[in-house]
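2 protein chains.
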Amino acid sequence: MRYELYYWPDVQGRGEFVRLALEEAGADYVDVARQGKRGMAAMMKLINDQRAKRPPFAPPFLKAGKLVIAQTALILHYLGPRLRLAPRDEAGRLWAHQLQLTIADLVVEIHDTHHPVTSWLYFEEQRPAARRRTKDFWRYRVPKFLGYFERVLGRSGGSYLLGSRPSYVDLSLFQIVEGLRYAFPNRMKRFERKIPRVIALHDRVGKRPRIVAYMKSKRRIPFSQWGIYRYFKELDR
Amino acid sequence: MRYELYYWPDVQGRGEFVRLALEEAGADYVDVARQGKRGMAAMMKLINDQRAKRPPFAPPFLKAGKLVIAQTALILHYLGPRLRLAPRDEAGRLWAHQLQLTIADLVVEIHDTHHPVTSWLYFEEQRPAARRRTKDFWRYRVPKFLGYFERVLGRSGGSYLLGSRPSYVDLSLFQIVEGLRYAFPNRMKRFERKIPRVIALHDRVGKRPRIVAYMKSKRRIPFSQWGIYRYFKELDR
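Protein chains in written order, with numbering that gives the first Met the number 0: chain P, 0 to 236; chain V, 0 to 236.
Hints in this document: simulated from the structure, not taken from any laboratory.
Hints are supplied without guarantee of correctness; some may be wrong.
[As the list claims (entries may be wrong)] Here are the in silico distance ranges between beta carbons for each label pair:
(1) V:LYS134 x P:PRO8: 22 to 32 angstroms
(2) V:ARG219 x P:VAL29: 47 to 57 angstroms
(3) V:MET43 x P:ARG87: 31 to 41 angstroms
(4) V:SER216 x P:VAL211: 56 to 66 angstroms
(5) V:LEU120 x P:ARG189: 17 to 27 angstroms
(6) V:MET39 x P:ARG37: 56 to 66 angstroms
(7) V:GLY25 x P:ASP9: 13 to 23 angstroms
(8) P:ASP48 x V:GLN224: 37 to 47 angstroms
(9) V:LYS143 x P:PRO8: 18 to 28 angstroms
Source: prediction; values computed, not measured.
We treat Cβ as the ideally placed atom computed from N, Cα and C, and that holds for glycine.
Construct all of the structure, not just a fragment, from the sequences and the given hints.
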């Protein structure tokens with residue numbers, strides 16, 4: 000089956016978690032909105048379709064045959080066993096999905112470091128709040144979230160989060176490390192020694208042949224100041 | 000099977016979405032942490048279990064036999080077909096879960112109206128930010144989220160979100176309306192005329208016999224200033 004991924008064409012954003020899974024699996028897919036003007040028009044048409052019985056709330060969403068599936072973690076839950084990036088048994092699938100939903104929670108908190116007050120003001124208009132939010136994010140939230148994944152890795156019985164085989168959750172955790180390194184190079188550098196298993200996992204994923212090829216390709220959109228992860232010197236003491 | 004729900008005993012919080020489903024289904028369950036000191040100790044023991052291979056990140060979580068499932072939307076995804084509160088076919092289950100994940104996103108935004116900067120400061124220490132966040136929340140986000148559910152209801156082919164039978168998503172949307180009425184009585188009063196189908200759904204759910212009985216019981220924890228929904232006069236112009 001040829002999958003159709005619909006996401007904003009200029010940012011990695013939440014779509015990137017899906018792209019990484021499709022790439023690692025060598026899946027047949029089209030990144031629809033990146034296929035020029037027509038692609039973007041096709042995405043907007045689906046979003047605004049007045050007759051759709053099951054309209055997606057927001058990108059990313061995936062078209063798989065007649066199914067249209069929105070919500071990043073749900074797309075991955077659907078794709079997981081089909082791309083051999085998740086176990087097939089119910090308990091294993093639920094566990095992978097649970098971890099992915101925890102990553103989704105972390106993603107919201109990463110975004111909010113630079114826009115805590117509202118997304119309708121520029122960063123420059125909410126600097127003191129962003130500084131305070133970022134301080135607590137690194138003091139309380141990063142240790143809680145990444146410490147959790149460090150613990151899970153310590154108990155998984157293999158070198159991946161679910162054991163000896165890589166899953167879509169490993170790819171997403173790789174992306175989290177990449178993003179935190181982009182947005183907070185100094186803070187992350189200091190923090191990484193506390194999460195050696197997470198960093199080893201990141202490196203392991205980053206060496207997988209299809210991921211290496213993808214990261215070098217034009218399909219990988221560069222980090223920028225418009226995504227979830229943004230670099231502001233003053234937030235990265 | 001007797002389900003064990005683990006959640007903080009003094010607030011509705013995210014646990015309430017699970018409680019409503021268990022109550023509507025007349026399920027056999029224990030709200031563990033509300034069973035006195037021993038219950039709370041049992042929850043903390045599970046959270047801090049150093050040997051658990053699949054530790055939950057945070058409450059709520061559900062124990063179903065040997066399975067321990069965290070993440071509110073995932074708990075409901077698991078319980079849905081078992082409690083006859085979701086379809087059994089894959090496309091229907093995915094759709095229900097997609098809607099519930101959108102409600103989960105809304106819940107984060109509701110909480111952040113009163114604590115936009117950080118949860119480690121009191122409301123009184125972040126008033127101007129809370130006012131600004133609340134303004135944008137009602138201007139942009141409530142219309143987007145509740146307008147979406149209004150549209151879904153208009154296309155469902157029945158009087159519930161998934162059609163003619165109630166699902167766990169309907170119960171959660173009922174709780175969202177209850178919470179917004181508690182936290183923002185004036186704003187919500189003005190807004191409700193824009194979402195007649197959502198309000199009709201709320202009223203329909205609120206008349207279901209088991210929900211009526213539950214809402215009157217001591218099992219329903221009252222709204223308070225410690226939950227997701229908090230009332231501050233200055234945020235409710």
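So, going through the hints one by one against the coordinates:
Between V:LYS134 and P:PRO8 the Cβ separation comes to about 31 angstroms, which falls inside the hinted range of 22 to 32 angstroms. Distance hint check for V:ARG219 and P:VAL29: the Cβ-Cβ separation is about 49 angstroms, which falls inside the suggested range of 47 to 57 angstroms. Range check, V:MET43 to P:ARG87: about 34 angstroms between beta-carbon atoms, so the 31 to 41 angstroms window is met. A C-beta distance of roughly 58 angstroms is found between V:SER216 and P:VAL211, which places it inside the suggested range of 56 to 66 angstroms.
Between V:LEU120 and P:ARG189, the C-beta spacing of about 24 angstroms keeps the proposed range 17 to 27 angstroms intact. Range check, V:MET39 to P:ARG37: Cβ separation about 58 angstroms, and the 56 to 66 angstroms hint holds. At about 50 angstroms, the CB distance of V:GLY25 to P:ASP9 disagrees with the hint of 13 to 23 angstroms. Checking the proposed 37 to 47 angstroms range against P:ASP48 and V:GLN224 shows it holds: the Cβ atoms sit about 42 angstroms from each other.
Hint check: V:LYS143 to P:PRO8, Cβ distance near 21 angstroms, so the stated range 18 to 28 angstroms holds.
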